[in-house]
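Quick note: the sequence shown uses the numbering used here, first residue 22, plus one each step.
Everything labelled a hint here was simulated from the structure, so no lab data went into it. The C-beta atom is built at its ideal place from N, Cα and C for all residues, glycine as well. It cannot be assumed that every hint is accurate.
Ranges of calculated distance between the beta carbons of each label pair, as one might list FRET restraints [unchecked claim]:
| no. | residue 1 | residue 2 | range |
| --- | --- | --- | --- |
| 1 | Y204 | D274 | 33 to 39 Å |
| 2 | D244 | I152 | 24 to 30 Å |
| 3 | T199 | F139 | 35 to 41 Å |
| 4 | D274 | L213 | 45 to 51 Å |
| 5 | A172 | T126 | 33 to 39 Å |
| 6 | T223 | V124 | 20 to 26 Å |
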Amino acid sequence: MRLQEPKSKQPKPPEPKPPKAPEPAAPSRRSSPFGLMRSVALSLVGGTAIVGLLAGYAFWRSGPRFLEGMKLMLAPPPPEESVDLRTVVVQQVQEASELTTAVFTMEAVVPAVSDRTFAGYTIGQTNLLYIAYGEVRAGIDLSDLTTEDVAIERTDSDSVITLILPSPRLLDSKIDVTRSRVYDYSRGFLNLGPDRAPQLQTLAQTSALTQIEQAACEQGILDQANSQARLVLGQLIGSLDYGRVRVETQLPDSCGRLAESAS
Numbered sequence: 022m023r024l025q026e027p028k029s030k031q032p033k034p035p036e037p038k039p040p041k042a043p044e045p046a047a048p049s050r051r052s053s054p055f056g057l058m059r060s061v062a063l064s065l066v067g068g069t070a071i072v073g074l075l076a077g078y079a080f081w082r083s084g085p086r087f088l089e090g091m092k093l094m095l096a097p098p099p100p101e102e103s104v105d106l107r108t109v110v111v112q113q114v115q116e117a118s119e120l121t122t123a124v125f126t127m128e129a130v131v132p133a134v135s136d137r138t139f140a141g142y143t144i145g146q147t148n149l150l151y152i153a154y155g156e157v158r159a160g161i162d163l164s165d166l167t168t169e170d171v172a173i174e175r176t177d178s179d180s181v182i183t184l185i186l187p188s189p190r191l192l193d194s195k196i197d198v199t200r201s202r203v204y205d206y207s208r209g210f211l212n213l214g215p216d217r218a219p220q221l222q223t224l225a226q227t228s229a230l231t232q233i234e235q236a237a238c239e240q241g242i243l244d245q246a247n248s249q250a251r252l253v254l255g256q257l258i259g260s261l262d263y264g265r266v267r268v269e270t271q272l273p274d275s276c277g278r279l280a281e282s283a284s
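Could you put together the complete structure from these sequences and hints?
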């Protein structure tokens, strides 16, 4: 008789658990305006604190140099100054006011006569002979110089300054009374001529000055003034080291105007 083997007990499969119900989602919270402002304020406060810490650290490390740097950053830059070279040239040249570049001296013998008349007839005559020593100065009045008379041309290597001078003229003329004298004075026969020594001496001086100015003009005193002015001012401006200098002169308008105005 065959014995039957007991059947192995198989484990029962676990019973499935019922699915959990999903938890309800938390309701979404909308950001309120006050919360946003608070976040911004906190950010600003934090940034300011960080900047302050950095500034304090920089000040501690650099000390006075930090303050100097801050001053340079906050202070406006100084304005750029520009100098008009033409004005500088005019100021340097005008320091002389007048430039005497030629002097003419001459000794002249001038007679002066005065008659005494009666009924249309000359009954006496006074003669004065005067030896006059005169001097005439010619040059350029630099006070007439303006910035329009100065031209500046700049090149890659240097600058060229062109100065146009005013016309030369007679600056002064005079009789040196300390070196002049009355050579002869005569009132004629029986001293019938009028006693007019001071008046005749003044007349002789005026006539002598006219002759001396005329002789100076004939000797080319204004041309000499131009030549000397070109040389003197060229050396003056050249010594200022502004560049190459070119001095131009003008022809004189006339000569002897001092004598014409005095007559």
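Checked hints:
Hint check: Y204 to D274, Cβ distance near 37 Å, so the stated range 33 to 39 Å holds. Range check, D244 to I152: Cβ separation about 29 Å, and the 24 to 30 Å hint holds. Under the hint 35 to 41 Å, the C-beta atoms of T199 and F139, about 39 Å apart, fit the expected range. Here the CB-CB span from D274 to L213 is close to 48 Å, well matched to the stated 45 to 51 Å.
At about 37 Å, the CB distance of A172 to T126 agrees with the hint of 33 to 39 Å. The hint said 20 to 26 Å for the Cβ distance between T223 and V124, and at roughly 24 Å that hint holds.
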